[in-house]
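Given chain A's structure and the hints, the job is docking chain B onto it.
Protein chains in written order, with this note's numbering: chain A, 1 to 207; chain B, 1001 to 1617.
If you are wondering where the hints come from, they were derived from the structure by calculation, not from laboratory data. Heads up, the beta-carbon is just placed ideally off N, CA and C, and yes, glycines get one too. It cannot be assumed that every hint is accurate.
If you anchor each label on the Cβ, the simulated ranges turn out as follows [to be verified]: (1) Lys-53/A with Thr-1380/B: 22 to 30 Å; (2) Asn-106/A with Pro-1154/B: 25 to 33 Å; (3) Arg-61/A with Arg-1025/B: 52 to 60 Å; (4) Pro-40/A with Asn-1381/B: 28 to 36 Å.
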Amino acid sequence: MSQASNSAPYDMQIKLLMIGDSGVGKTCLLLRYANDSFSPTFITTIGIDFKIKNVDVEGTRIKLQIWDTAGQERFRTITTSYFRGAQGILLVYDVTDRRSFESIRNWISQIQQHADVHVNKILVGNKCDMLDEKVVSTEEGQKLASEFGIPFFECSAKNDIHVESSFMHIAKAVKDRLKADGQGGPSAKTGLNLKPNQSGGKDKKCC
Amino acid sequence: MMHASSSSSIAPVESRAARWRQQLRIRPQPHTNVVRSSFAQLVAQFPYPSYDDNDGDPTANKASPNATASKVSELAHGGVVPDLDPLTALVRETSEQQQRLESLELKYRKEKALRNRAGKGGASDQGRTLVESEDYDENAVTLQMIDKDLARLPPPKGSGQNGSQNLAGVVVSKDEDTAGIPTSSGTSDERIKTLRRVLYIYACAHAEAIGYRQGMHEIASYILFALELDQQAEESLVAVATSQEQIASDAYELLETILTSIECVYDATPLPGQHEKPLEASARRVLQGVQTYDAALALRLSQLGVPPQLYLTKWMRLMYSREVTDVLSLWDELFAYVGEGSTLVTVLEAVAVGRLLSWRDRICTDPDALHFLMNLPIETNVQRWLDLSRKVIHKQGIPLPPIKATTPVAPATSIPAYAVPHSAPTGSVNSNWSQPNASLMSTPQRTFPSEAGNESGVFSVGRFSLSAVKEKFEQAKHTTQSLSKRLYDEWEQQQHHRATDAFERPYSDAFPDSEHDTPTAINDPLTQVPYRNDDTAVPANVYNGQSTPQRQSQASPPTLESQWASRVQSDVHVLQNYCMTMERSQAHVPGTVWEALADLEMLRQDLSRRAAGTRRT
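In isolation and in its complexed conformation, chain A is listed as follows:
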């Protein structure tokens, strides 16, 4: 809000939110993206974590504020209050954990309840490097993404597969939307968002 100084070294600030079940690797994805690091001994996120990454998307300097939430969704404490300000949401599941994939529907209904109508979404299946333990097929992921008309990526924070492209994809989508809205932000327009499946076909398979 007011922390943006006048001499901002960026043209646009975008707030992204990462949600998904506990243990799917949200923090690992964020650390891979923001710090380019990976540790197998990660720790449980308590409350919410926050990282900043400055990127250049098609000549627009964007300051990405990425909020990494705790996955203990049954007791959403601060998550719901934070949905509101988000302009882009990464829905993350673990391809080796079917439950986390099934929870995506619940997470989407959470978004519908609490987030802005126009918020950009992206579906991310993490841990795609673990081929032996993979239980959610790429096709299933793609199908779910198509059902909701959102882009889909399979990633691996560990092997750095499609992590950068996922974040860049949603950053670009938010940027385009805000530019189209005249930078009006999430609440500038109240009309319905009828962009069906704009990039849902662009599934990225890994490995």
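Quick look at chain B alone, frame taken from chain A:
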């Protein structure tokens, strides 16, 4: 350690756990057996969910539900994943699949449970079936969550020069492990088992409250760590091994005491009859605490645009265990503060205030203060932080030096030279007045009003003009309509008066009482309203530093700048009071008002600096 509580104890305190028990007012049990048996009873009362046939081995039960699920889903798909389906078919299929999956899995678990029971054949197993089938799923989910968190538990840090080495090897994840399946040595296994048992029992025994939440596992880990260190020390003296059961029982007792007292920071639902979540209330008290000492810092924190619980959650839920290198020593201190009006929660809140105060320079000057706050480094100067916290707990004054700019950025906030909490006697403050921050200002040069042009209010000061300030002031006035009628009426009167005075009337008329001893703002009836009968309000003397130029003006005739500085100061007061009142009544203070406040404050500082400069020359 240095603040061990002085409650009457029977035996001299020797172990850390015993000291903690005393500090946390755990009633001394005449017979140790009582504790043990009560924990044992709980263990009997809450067996692990029956799908879990491998007691204490998270690896086994973690894998099974997933494996089952995927097997079931393959069945549902007829072994083949269909390629392209119409949307409706997909939706139906998914929901059907989910139903089938759930029923199959339940059946699977029940069968497995029956098999287990038949195998064990214990008499205590009878009568448990009903209870389990009722809250079966809930407990299973809880246990899974605990396992997931334990698999990611970092080893405890600090305090164990001799012992931490082998104890710390709690969970050594495999290199390729991302699912968090623990592979552990013998000791670690034991440790995980104990934690799992203790946490699961806690979750079941407190299911009606909040049960298990992420973060509790780290608290439990450090409690166990303390007990393990105690045990090691004891065993080096006496060759008697403490049983793992006794350790679990002791850990449970401490965990229960600690968690039930800090339950509110884990709770996400408002208590009946309250509109505020307990954690929000806590965060609000922390912000109020900061406000009591350091208005500038409080203002800065409010301007970050995020509620304080975003950074406070982790600190408080984990009792700062991720913020220091030596957790047990920190907890020694924290627990020593408990008592005499301080609960563990108020201690945690005061320590949060202390921590924010200890980082005030950085928070107030860093342009990315939010990022900094959310990623605070591990504390290296714990003593300074705790010194500040202790003063907050004991409501002592804290001398706050001027804010040092750690990064070059224009200060947007006021810097009180010396702040004391409201309860401190005013008299003692005056002697501690120091010259207000003329030196620290790195404010860019600004154009100042020529004496001729000032009445029109068109001159600009830096990036804002007086007319803009006036406009923002009007906005603030507009928002006050949600205040109480009385305050509103007073505000209206004052506002009318002020608006005319400050911005339209000539200075000489506008400032009739500049020669008085007390600063105008203190005499202002409106200013005093929010302070009445309220301990948490900003003490007026927080702004003492700001009134110094006025006092100086007694000696020489007031300059134009000092008159204006005082006037703006009283405006700042009014706005601050307004914001405080709004915050206290949980009303929303628009960002523009905060901005106006910061702008006014900046203007005031500039003016008083100017005034000081004019007088000297």
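Evaluation of the provided hints:
For the hinted restraint 22 to 30 Å between Lys-53/A and Thr-1380/B, the CB-CB distance of approximately 27 Å keeps it satisfied. At roughly 29 Å, the beta-carbon separation of Asn-106/A and Pro-1154/B lies within the given 25 to 33 Å, and the hint holds. One distance hint, 52 to 60 Å for the beta-carbon pair Arg-61/A and Arg-1025/B, holds here, with the actual separation near 56 Å. A beta carbon spacing of about 32 Å between Pro-40/A and Asn-1381/B agrees with the range 28 to 36 Å that was offered as a hint.
Checked against the numbered hints given earlier, this structure breaks none of them.
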